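Chemist: Single-letter residue listing:
Protein chains: 2
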Amino acid sequence: MAEIKDKFSDFVNHLQKKITSEIELLDQKSKFKNDKWIRKEGGGGLTMVIENGNVFEKGGVNVSKVHGILPKSMSELLGVDQSDFFACGISMVLHPKNPMAPTFHSNLRFFELYQKNKIIDCWFGGGLDLTPYYLFEKDAHLFHSSCKKICDKFNSNYYIKFKEKCDKYFWNTHRNEARGVGGLFFDYCRGKSKDEMNNWLMFIQELGNSFMDPYLDIVRKRTKMRYSKQNVDWQQIRRGRYVEFNLLHDKGTLFGLKTNGRIESILMSMPPRVKWNYDSKPEKGSDEENLIKILKSPKNWI
Amino acid sequence: MAEIKDKFSDFVNHLQKKITSEIELLDQKSKFKNDKWIRKEGGGGLTMVIENGNVFEKGGVNVSKVHGILPKSMSELLGVDQSDFFACGISMVLHPKNPMAPTFHSNLRFFELYQKNKIIDCWFGGGLDLTPYYLFEKDAHLFHSSCKKICDKFNSNYYIKFKEKCDKYFWNTHRNEARGVGGLFFDYCRGKSKDEMNNWLMFIQELGNSFMDPYLDIVRKRTKMRYSKQNVDWQQIRRGRYVEFNLLHDKGTLFGLKTNGRIESILMSMPPRVKWNYDSKPEKGSDEENLIKILKSPKNWI
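If you read the sequences in order, they're chains W and U. According to our numbering, the first sequence is numbered sequentially starting from 1. According to our numbering, the second sequence is numbered sequentially starting from 1.
Source of the hints: derived by calculation from the structure; they are not laboratory data. Small disclaimer: the values here were computed from a predicted structure and weren't measured. A hint or two may mislead.
Calculated Cβ distances over 12 Å to all of chain U for the following chain W residues [claimed, not checked]: (1) D10; (2) L15; (3) R39; (4) V66; (5) D81; (6) I119; (7) C122; (8) E137; (9) H174; (10) Q205; (11) R226; (12) F245; (13) H249; (14) S265; (15) P282; (16) E289.
Here are the simulated DSS-like pairs of lysine-lysine, each with C-alpha atoms no more than 25 Å apart in a straight line [to be verified]: (17) U:K194 <-> W:K275; (18) U:K40 <-> W:K296; (19) U:K251 <-> W:K275; (20) W:K29 <-> U:K275; (21) U:K165 <-> W:K281; (22) U:K229 <-> W:K97; (23) W:K275 <-> U:K281; (24) U:K293 <-> W:K258; (25) U:K165 <-> U:K251; (26) W:K251 <-> W:K168; (27) U:K258 <-> W:K275; (28) W:K149 <-> W:K161; (29) U:K281 <-> W:K29; (30) U:K258 <-> W:K296; (31) U:K72 <-> W:K251; (32) W:K118 <-> W:K5; (33) W:K168 <-> W:K149; (34) U:K296 <-> W:K40; (35) W:K40 <-> U:K281; (36) W:K251 <-> U:K29; (37) U:K65 <-> U:K5; (38) U:K36 <-> W:K284; (39) W:K97 <-> U:K33; (40) U:K275 <-> W:K251.
C-beta: ideal position from N, C-alpha, C; glycine also.
Using the sequences and the accompanying hints, generate a full structural model.
Modeler: Below, the structure written as structure tokens:
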């Protein structure tokens, strides 16, 4: 589906520019650093990273477009014979400075497989999720409502389906708790016809064009709040769980690291400052304990 | 080999007491916190952790003695039918505050397998390694010399064999660099006779009784050195590599997390404060760059 591929490819470029401008505008201090990179085996990408901002302590917005022979580990995973592939995606992680503001992650991707120069399969995947350090139910509600609104434009089953997949995926099994309050997660979104694939493309585009508004609204609000050293400590301890998820469970990270991806682009998701205290437990009845309680089982936020 | 098992079991208890006393004596500020824990499926352990000391920012010395039905993932790894097991070990990680002082890790363990209540196999394993943030060749030399001295008492081939295994094991594949300057690593140390097993026991005991002296000598010396905020930043960035190794590659950590081990005891190895800056590169000709160069290929330290 050459058209879909080209349209999505243009879309991610445009989206990267749009999102990074919005972030810079809000931050008012730091600017994104651009790193263009080339993949030896085919393709490359543009990694854009912001650090030490007024609002964002660290954040990255990556676009990658890679192609070549499908790595063996991936062909085994997908259950296909030796193939060529094209993969294009935009992924972003934003770690605000203020512990009252949540971390945001999103990824939108398109995958195409070829044998003897003919397309044998193609699909979209992606998702977005919110990781608060202090829970404001209003924020989780706003975030999920906007996810539902976008989903409902396309299919009234999408939201509940993709929300559940998200809760399942962003689960820190070894801690028996969610990474955050979830969002959406979907993969292998295929279409039998060109129209169906176009529908998926429109869904992905709608998501990409819409998800920053509610998130930046939340950040704008929370970033004005006062916070203590103790709040920062808690944020850094919780960021440790984020690291644990990404390095132990996140398939994207592990796949990237095992297939010789660009390390710095993959690990731009790592939080800037992190703490591991031994057996740290929040005080009974505290806001910190409240967060943990909520993360113990997925909640319906709408 | 009931005798070996009991002797090793007593030994690790004694060693834990001895080592934690030595550390407290050196630290002069913080004391170890003791956490006795029970494993639902059989056995338990004693986790001892020190935090926010004068000398040690964080450190743990764990003893565990667990038994029961061998988890499936483990029987597959070992290539045995359904068995019962007993595993006993002492493991420790010490993260000094001063960036001039290296992090130290050691693990000594004994494993026994049973079928129909009869021992079908038993072996020792373990190792120790040093992770400097600033390289003092003298320290690496002292550490390796003392490793060699202990090894040579038992077999003139041990040092070079176990040193090479260590270099291979503590390799951060995704970064293409060593975790630190290495040390010793050995596993599946079996004996055909009781005498041979006793020899391994004596080797392990000799190691356990000796390895703290050179390490604490190094710490005593380096902890007196002055350091800057920039040195601490570098230490925290390098600690990020330590986290990456433990969560991505360390078999012990991953096995523990996947078999429902005690999370806090397994992750006591995590450094206390860690940083991930995007694509951080040391200045040309700096001490920081020198460390990286050395870590790119294993070196002969003697």
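Chemist: A separate judgement is required for each hint: does it hold in the structure or not?
Modeler: Okay, the hints, checked on the actual structure:
Distance to chain U confirms D10 (chain W) as a non-interface residue, since its nearest Cβ pair spans about 26 Å, more than 12 Å. With 12 Å as the threshold on Cβ separation, the claim that L15 (chain W) sits away from chain U holds: the shortest Cβ distance comes to roughly 20 Å. Listed as a non-interface residue, R39 (chain W) keeps its Cβ farther than 12 Å from every Cβ of chain U; the least gap is roughly 16 Å. With a least CB separation of 17 Å from chain U, V66 (chain W) remains clear of the 12 Å interface cut-off, as annotated.
Against chain U, the non-interface label of D81 (chain W) holds: every CB pair exceeds 12 Å, the least being about 27 Å. The claim that I119 (chain W) lies off the interface holds: its Cβ sits roughly 31 Å from the closest Cβ of chain U, which is beyond the 12 Å cut-off. Every CB of chain U lies more than 12 Å from the CB of C122 (chain W), the least distance being 29 Å, so the non-interface label holds. Non-interface status of E137 (chain W) relative to chain U is upheld: no Cβ of that chain comes within 12 Å, the nearest being about 28 Å off.
For H174 (chain W), the shortest C-beta to C-beta distance to chain U comes to about 4 Å, within the 12 Å cut-off, and the non-interface label is violated. The beta carbon of Q205 (chain W) is kept farther than 12 Å from every beta carbon of chain U, the shortest such distance being approximately 28 Å. Distance check on R226 (chain W): its Cβ is at least 23 Å (rounded) from any Cβ of chain U, clearing the 12 Å threshold; non-interface status holds. Not every C-beta of chain U lies more than 12 Å from that of F245 (chain W), the closest at about 10 Å, which undercuts listing it as non-interface.
Under the 12 Å C-beta cut-off, the non-interface status given to H249 (chain W) relative to chain U is violated; the minimum distance is some 10 Å. With a closest Cβ-Cβ approach of about 9 Å to chain U, S265 (chain W) is found to fall inside the 12 Å limit, against its non-interface label. Every beta carbon of chain U lies more than 12 Å from that of P282 (chain W), the smallest distance being close to 15 Å; the non-interface claim holds. Once the 12 Å rule is applied to beta carbons, E289 (chain W) is consistent with being away from chain U; the minimum gap is 17 Å.
Among the hinted pairs, K194 (chain U) with K275 (chain W) is inconsistent with the structure: their alpha-carbon atoms are about 46 Å apart, more than 25 Å. Taking the CA atoms of K40 (chain U) and K296 (chain W), the gap is near 21 Å; set against the 25 Å cutoff, the hint holds. For the given pair, K251 (chain U) sits about 23 Å from K275 (chain W) by alpha-carbon distance, which is consistent with the 25 Å threshold. Restraint check for K29 (chain W) and K275 (chain U): satisfied, since their Cα atoms lie roughly 21 Å apart, inside the 25 Å limit.
The hinted pair formed by K165 (chain U) and K281 (chain W) fails the criterion: a straight-line CA distance of about 38 Å is larger than 25 Å. Restraint check for K229 (chain U) and K97 (chain W): satisfied, since their Cα atoms lie roughly 20 Å apart, inside the 25 Å limit. The straight-line distance between the Cα atoms of K275 (chain W) and K281 (chain U) is roughly 22 Å, inside the 25 Å bound, and the hint therefore holds. About 23 Å separates the Cα atoms of K293 (chain U) and K258 (chain W), which keeps this hinted pair within 25 Å; it holds.
A distance of roughly 14 Å separates the Cα atoms of K165 (chain U) and K251 (chain U); the hinted pair therefore holds under the 25 Å criterion. Of the pairs offered as hints, the one joining K251 (chain W) and K168 (chain W) holds, with about 13 Å between alpha carbons and a cut-off of 25 Å not exceeded. Proposed proximity of K258 (chain U) and K275 (chain W) is supported: the alpha carbons are some 23 Å apart, at most 25 Å. Proximity of K149 (chain W) to K161 (chain W) is assessed by CA-CA distance (about 14 Å); at most 25 Å being required, the pair is judged to hold.
Taking the CA atoms of K281 (chain U) and K29 (chain W), the gap is near 23 Å; set against the 25 Å cutoff, the hint holds. Distance restraint check for K258 (chain U) and K296 (chain W): the Cα-Cα separation of roughly 19 Å lies within the 25 Å cut-off, and the hinted pair is therefore satisfied. At most 25 Å may separate the alpha-carbon atoms for a hinted pair to count; K72 (chain U) and K251 (chain W) meet this at roughly 23 Å. A distance of roughly 14 Å separates the Cα atoms of K118 (chain W) and K5 (chain W); the hinted pair therefore holds under the 25 Å criterion.
Between K168 (chain W) and K149 (chain W) the alpha-carbon distance is near 21 Å, which keeps this suggested pair within the 25 Å criterion. Only pairs whose Cα atoms come within 25 Å are accepted, and K296 (chain U) paired with K40 (chain W) is accepted, the gap being roughly 21 Å. Pair hint K40 (chain W) plus K281 (chain U) holds up; C-alpha atoms about 22 Å apart against a cutoff of 25 Å. Restraint check for K251 (chain W) and K29 (chain U): the C-alpha separation of about 43 Å exceeds 25 Å, so the hint is violated.
About 11 Å separates the Cα atoms of K65 (chain U) and K5 (chain U), which keeps this hinted pair within 25 Å; it holds. Our distance criterion of 25 Å between C-alpha atoms is met by K36 (chain U) and K284 (chain W), whose separation comes to about 22 Å. A distance of roughly 32 Å separates the Cα atoms of K97 (chain W) and K33 (chain U); the hinted pair therefore is violated under the 25 Å criterion. A threshold of 25 Å between alpha carbons decides the hint, and for K275 (chain U) with K251 (chain W) the separation of about 23 Å falls inside it, so the pair holds.
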